[in-house]
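Protein chains: 2
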Amino acid sequence: MTGIPPPVAGVSPGPASPPSFPPGLLPYGVFRPPGGRPRVGVALGREVVEAAPLLAAPDAALLAGVTLDPLLAAGPAAWARVRAALLAALADGVPGGLAHPIAEVQLGLAFTVADYVDFYSSEHHATNVGRIFRPDGPPLSPNWKHLPVGYHGRAGTVVVSGTPVARPHGLRAGPDHSPVSGPCARLDFEAEVGFVVGAGSPAGSPVRTADLDRHVFGLVLLNDWSARDIQSFETVPLGPLLGKSFATSVSAWVVPLAALEHAWVPPADQQPAPIAHLSPAGRGLDLSLEVAVNGSVVSRPCFADMYWTPAQQLAHLTSNGSPLRTGDLFGSGTVSGPGAERRGCLLELTWNGTEPLRLDGRELRWLEDGDTVTISATAPGPDGTRLWLGAVEATVTPAAADQPYAAQRGGSA
Amino acid sequence: MTGIPPPVAGVSPGPASPPSFPPGLLPYGVFRPPGGRPRVGVALGREVVEAAPLLAAPDAALLAGVTLDPLLAAGPAAWARVRAALLAALADGVPGGLAHPIAEVQLGLAFTVADYVDFYSSEHHATNVGRIFRPDGPPLSPNWKHLPVGYHGRAGTVVVSGTPVARPHGLRAGPDHSPVSGPCARLDFEAEVGFVVGAGSPAGSPVRTADLDRHVFGLVLLNDWSARDIQSFETVPLGPLLGKSFATSVSAWVVPLAALEHAWVPPADQQPAPIAHLSPAGRGLDLSLEVAVNGSVVSRPCFADMYWTPAQQLAHLTSNGSPLRTGDLFGSGTVSGPGAERRGCLLELTWNGTEPLRLDGRELRWLEDGDTVTISATAPGPDGTRLWLGAVEATVTPAAADQPYAAQRGGSA
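Protein sequences, first through last, are from chains A and B. Add 114 to a position in the first sequence, counting from 1, and you land on the number used in this note's numbering. Add 114 to a position in the second sequence, counting from 1, and you land on the number used in this note's numbering.
Treat each hint with caution, since some may be false.
Derived lysine to aspartate or glutamate pairs resembling EDC-like cross-links, with alpha carbons at most 20 Å apart [what the hints assert, rightly or not]:
no. : chain 1 : residue 1 : chain 2 : residue 2
1   : A       : K259      : A       : D419
2   : A       : K259      : B       : D290
3   : A       : K259      : A       : D383
4   : B       : K259      : B       : D383
5   : B       : K259      : B       : D419
6   : B       : K259      : A       : D290
Source of the hints: derived by calculation from the structure; they are not laboratory data. The structure displayed is predicted, hence computed values, not measured ones.
Sequences and hints are given; from them, build the entire structure.
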């Protein structure tokens, strides 16, 4: 229980009542009202409003399905037109019969994930991870300041907020370094922001950093669940696979970039100056994240602390000629800041489990079965207000009992 | 031009006429005849036969679209039923009007790729790579004999055979280790076999090794194009990203596993014995690959030399509870064998460019613009025959001139 720097756990309970989506935000989601069919809606206050009936043809068709995919693919002119029409239609209140309390509907994954890439773009996070795992070497890999390091994750296991996350089985290094098979013993969250590509780009046409908002429709909050022990054993030389691919949770509400006009801030100071395809750096986003475990806040990461910007991540992804597809999702990497209270994962918050947080009378080193992790965020709005952006939340469920293998030592099968 | 072991380049010209698909193979593909619409067909001899008209309802509907996706999703009972019906319908010749010379049609990507995972399952390949890049350490990472190492690739850049592959731009380490931006200078192929998942599996239900053919429909030949210099600079700590994601080529023809009954062989001897979820090991496949550059054979890898089996790769992928989706694709990793003539990539064949092959009067260290790489394969058939399985082929085109950045040093942007 020693610890530098001191943890902040257990001091801040989460909100007592569900926060309210401000009028100008209008995040998009997919919902199923009780007894009804799935449909697209926008969140307003504590309600979701069915969207297609608010629009005229042909734009109504973009929201008449069961995902945001048609709207995403329609591109930035359509995004602006639809948003303006929805803002106008809702300016004087919600037409009768279209609103449902969010607490009473079932929320779904709002879009079809094409490829999912996860970056590693917080210098504070990468430095902490380096210090933990390579205490005698430089904390950052030699490439880190030259490009946004990232990897492809599993698109098929991106799940919507609220979906239970089962503790994965896997192989980890045992006490004498021989592998041990069994349920993950070091389950972690990673607080991230995910960016949703709407308009694709053809092969051979890299996207410039200046064109972020011509391709990215909006953002979600993202929990990059991580089985640290499984990841650690498998990761050399090709990176994480099963330590990440069991689940990635995203918020049900996709916040359009167009709603965040007051949130843009200058990017981090980048030295050395970024190479041409990462220049200009684009802008940072002043999002305030909050991570709670079982309702107790354990961290308040600031997205403005990120080193690489979303524009640079997007430009880098396509710099080799790779096309973008509607539904491509890229995560920022764990959002961590300079102070202990801004660290975005337990690996950092507990310094690899050696400095547990106090949480409701217990020590929190790693996630236990039944723990609920909630990552929420706000952004600056007009006139000094803060805009509630929603949350991604999920509860850890026990490892499946019917795995085809029992906990055992490697080589004894 | 010193070299251990001696190269085999330039000694074997490729086939003078297109090989012929044997009657019992019936690989599936998607083709567009001249002036016609895309449709599903099976290859027979040097022709493609439109498939749906050969079937009765309801199975005809599985092949009536423009991809194999409905057939893949229909599962193993449907696969067997459809294959039996096609074999019967074609036993006495091709009904009139349904056959087109393959040379005259346009072939497409036969299925929608969901998630793409690439393994690293040849011990010979992994050992050679380790010796090249870590000459003073053990060639295999400590985990290698305990699990099939792999990573997620980019599903959106899987392209069909024949699609030109543009040399990617990217960052590489310069002479003094500062980064240099520009076209890839070390472009490579990797000869692999890809396995196509048909029937998915739900989250939380790992697939046993014994159930490979309940989920995997068939295989393709796969070229995991690799920009060695870009990959090398980016890969620590999260694995390859842009060094691989510019293109992955697959053959147009998907060979059903059901057509390979004579090709199964015992798996490699695995010590230590694999952990429970990788046991029993399943079977190996005796596929003979051939890699040609500009028509000259440079390698003849044997798939029977692989260490981890496709069944173990599939079981491992799902061992953490990850679901499978129709269209999931997993690559074997570079197929390399114990001899120099069986190495599946130029990295090994030229020992990282230090021992060039002789090819048509030039030195082949890495791929040059205009080079055509062809990976073909055969498998044992009945009565000692060899079954032609098709090929994946593509030509390297020059790096795009309109990249948003010119070759330059890092930090000078």
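Practice task
Kindly indicate which numbered hints from before are broken by the structure, ordering the numbers from low to high.
Solution key: none
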